[in-house]
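Fit chain H to the supplied structure of chain S, relying on the hints for placement.
First to last, the protein sequences are chains S and H. In case it helps, my numbering puts the first sequence at residues 1 to 506. In case it helps, my numbering puts the second sequence at residues 507 to 826.
In short, the hints are calculated from the structure, not lab data. Take these hints with a grain of salt, some might be off.
[What the hints assert, rightly or not] Part of the chain H face toward chain S, derived, beta carbon under 8 Å:
| no. | residue |
| --- | --- |
| 1 | I656 |
| 2 | R687 |
| 3 | E773 |
By construction, the Cβ of each residue, glycine as well, lies at the ideal position given by its N, Cα and C atoms.
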Amino acid sequence: MVNRRQFLTGALLATVSISACSGKQEGGSSGRFSFTYLRPTWGPATYTKNGPFEKELERRAGVSIDVQIIPVIDYDTKVNTILASGDIPDVIWGSGPTSGTWRSAQDEGAFLPIDDYLDKYPAVRKAVPDSIWKMLRDDKGDTYFVPNLIWPQVPFFLYYRKDLFDKAGIAEPASLEEFQATLEQVKKAYPKMVPFTMGYEWHAKEIATSFGTGMFGWEPAPDDPDTLAPWFMKEKEIDLYFWLQDLHKKGLLDPDYGVSKEPNFSTAKLKADKAVMAIEHWGAYTSIVTELRTIRSDGAVSVVSPLGETAGSRAVFPVDRGFYVSAKIKDPDGFFAFLNWTLTEGSELRRWGVEGKTYKVENGTKVSLQDAERPKSYQGPQIEPLGFIGPFSEKLDWDGMRTNFEGAGIGKDFDYIKGKFDDYTRQEYFDYRDPTVVSPTDAKKGTQLFEDNLQKVAQSTIVNHKVTRAEWAAAVEKWKRAGGNAILEEVNSLQKDKSKPEYTTG
Amino acid sequence: MSEVRAAAPPRRRATPAPRGHQSKAALVWRYRWIYALILPTVIYFVLFAYLPMIGLQIAFKDFKVFAGMWESPWVGLEHFRTMFGSEKFPELIRNTLLISFYRILFGFPVPIIFALLLNEVRRMWFKRGVQTVTYFPHFLSWVVFAGIVINILGPTGIVNTLLVNTGGDRINFLTNPDSFRAVLVLTGIMKEFGWGAIIYLAALSSIDPELYEAARVDGARKLRQIWHVTLPGLRPVMAVLLVLSLGGLLDAGFDQVFQLQNGAVLEVGDIIDTYVYRAGLLEAQFELATAVGLFKGVVGLAMIVSANWVLRRMGQRSIW
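Bound-form chain S, shown alone (with noise of 0.2 Å):
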C-alpha cells in the first residue's frame, strides 16, 4: 500500500482540531450521542483516551467516541477476527466493496445503507466526488462505504544526498543506465554507506515507469489493447524486477532490502546518515531534511527527475479505506450529524486544531506545528485516530504545504519540491484494472491462485538471485492453468470500460 505517513503529518496535522477558545456546543446533533469507533492509525499506537484535545473535539461537538485503534501494518488480520465474532463497533474502517470480504458482509447486511443520510448531510456527501460514489454502490444501487480519499497522484521521489553528490563529483542521473552508473560510483565512494535503498516493491513504482509500465496495476495487453493483463503478466513489469535484482546481486540495493519487517527502515536510514539514495514518499521531503539536519548539519537533499523518457508516477485509485456505518448503531442520524459537522461548522477544528498547539499563526496564516513543537498530548498519535473523513478538495493543498516548509524552516525549498512534483505526474500510468468489478474466481480463490503459484517469483525474485525469468514464466503457466486463466478471461469480459482511468477530475 501506499505509504502515507507523510500525508498524515501534513494532512493529519490538519485533519481534526480543537478550538480552546469556544464553550459552546457545536455539534449538529442535539443531545450527546456515543458511538465507538475502530481505525487503523498509520502513526506510533501510542494513543491515550482521553486526552484534552478529544475532550475538547467531544465537547465542541456534542457527541462521546469510544476508539480502538490498531496499527495499520495488523488492521486486516485483527479486524477480520473483529468482522468473524459478528460484534463490530458502530463505525468501523475497512477495504471497502473492492475487497471480498468486506463486500460479502456488506451483502449479508452487516453494515447500515446510508444514501438516505448522504442526502440528509449534503456536506458528507459533497465531501466524495459523484464519480467515485458512483462507484461503491452496489448492484442495487445502494451505498454503504465511506471512502477515505487520498490524492491519486503520490509519486515517489527519489531522494539523494547532494552533500555526498557534489563533495565525490557524482552528477545527478538522467536515465536508468546513468542511475546503474551512479549507484556504482556512490559505493565507490562511500563504501561504508547503503548506496540506495527502499523499503519494498511498492516504493519502485516510478522507476517501473522508467520501464514504460505502472507497477501493479493491470493495463491493456501489447497484441491487443482490449485486452487487460495483470502486472506479473507484463514483460517491462518482469524486466524492473530482474533489473532489481541484479541491483541487489550487485550490492548496489540495500542488503536488508527483504529482510527488515520495518517499512520505513530506508528512509531511516536516509535521515541517519547511512544511505545515500532511497525512494519515499514525495511529502517526506520537510521530515528528511530536518531530521538528517539534526544528525549532519550540513545534510543536504535533493531529489532525481523522473529517469527516461517514459519515465512518470503510477496514480492510484484514490480511496485507501474507509468506514462502514453498522446497522445495529442506536442513532445514525447522530453520527451522520456529526460527521457533517466536522465537515461544515467544525471544519477549521478538523483541518487545524488548536491555536499554540497544532498551529500558530504567522502574518494572519495558519501553519501547521511539526510534532517536536507541539505539547506530546496534541501531537500525531493523539490526533489521527479521532479523524474520519477529509473532502477531496483539500487532499492537495498547495497553500498549506507551503506554509507547512516554512514553518519547518525550509520554505525556500517549496517550490523546488513542487516542481518535483509536477516532473513526476506530468506522464501518469494507471491501474486500468475498476477494483469496483469483481471476478468471482478471483474473489473466491484469487489469493491461493496467487499463493500457490506466483508468490515465490513475486517476493523472492528482488533478494533471491536463483530465481530466473524462465522460473518467472513458468509460474506465470502454471498459475494461468490453475484457474488464473478464469479471472482473465472474467476481469476483461466483467469490465466493459477498459479506457484508461481518469480519477482527478471528480
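Frame of chain S, contents of chain H only:
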C-alpha cells in the same frame, strides 16, 4: 472343609452397582472441598477448550459471518480439498515437519544438558544468576526476539558489520536457504532452553540423595553418577515431554517463522501456519484456517497416542 470351600460359588468382590454409586457419591461428598478446588479448572476447560469445539463445524461450512455459524450452509470437505489440493501443500508439510523434527532432535537434549550442568553448580548466586539470564528470553515475544536476531545476524547486523569491517564478506544467515532452518532451530533453542530446563531441575531435586551416596560408595565418579543415577531419574519426565512435543509436530512455530521469514527463504521456511495466515486469515477464510487447525489437531492427537503407546510398550512411564 476344603471340598465344601471348593464347591462354593466364588465370592463376588465387587459391590452391587447401587451400593457402589452410593459410596462414590458419599466419597465425593466427603471430599467435596477438594472437588470444589478442581472445579474452576474443569469449568475453564469446558468453557475455553471443549465448548469452542462446536465452532469446528465451520471447517465443513461456507461460513457467513453475519448469518452465523448455525445458519451457514454445509459444503462438506471442500475446505479440506482446498488445503490438500494446494500446489504448495507438499512443500508446506515438508518444511513444517523438517523444522519440527530438527527442533526436537537438536532442541530436546539442550535443556536436559543445561539442567545437568546447572545442577552441579554449588555457588547459589551464580546458579540463580545463570537461571535468570537464561529464563529471560522466554518472556520476550518473538517480535522482540526476532528483532534482536535480525540486528545480530541480519545483512547489516552486528556479525556482518564486524565481518565487513575486518575485510571479510557478508554472510547471508537470514537470506540463505541453506542456513535458514539452522537459524530457526538455533534461535528457538536460545530463546527457550533456560525455561525448558526448569522442569528437569525440579525432577533432579526429587532424586533421592541416598542413590548418589550409594553410587559414590560403589566408586562411581561424577559422569558415572549422572549416567546411572541422574539420567534414569529424569527418564520419566523426558518421556512425558517427548510425547507432548510430538503432539506439536505440525506446529513449527508460527511466531518465529513469520518474523524471520523473507522472500529468499520461502522454499525452506514457508510452513503450514504461515501459509494459512496469508491465504486464510488475511483473506478472512476462517473455514480454511479451521480446517487446517482441525487437521493439525487430529494429527497431533494421533502422534501423542502413538508415542504414548510406544512408551508403554517399552515399559516407560506414559501419560496415561
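### Query
Which numbered hints are broken by the structure, listed smallest first?
Failing hint: just 2.
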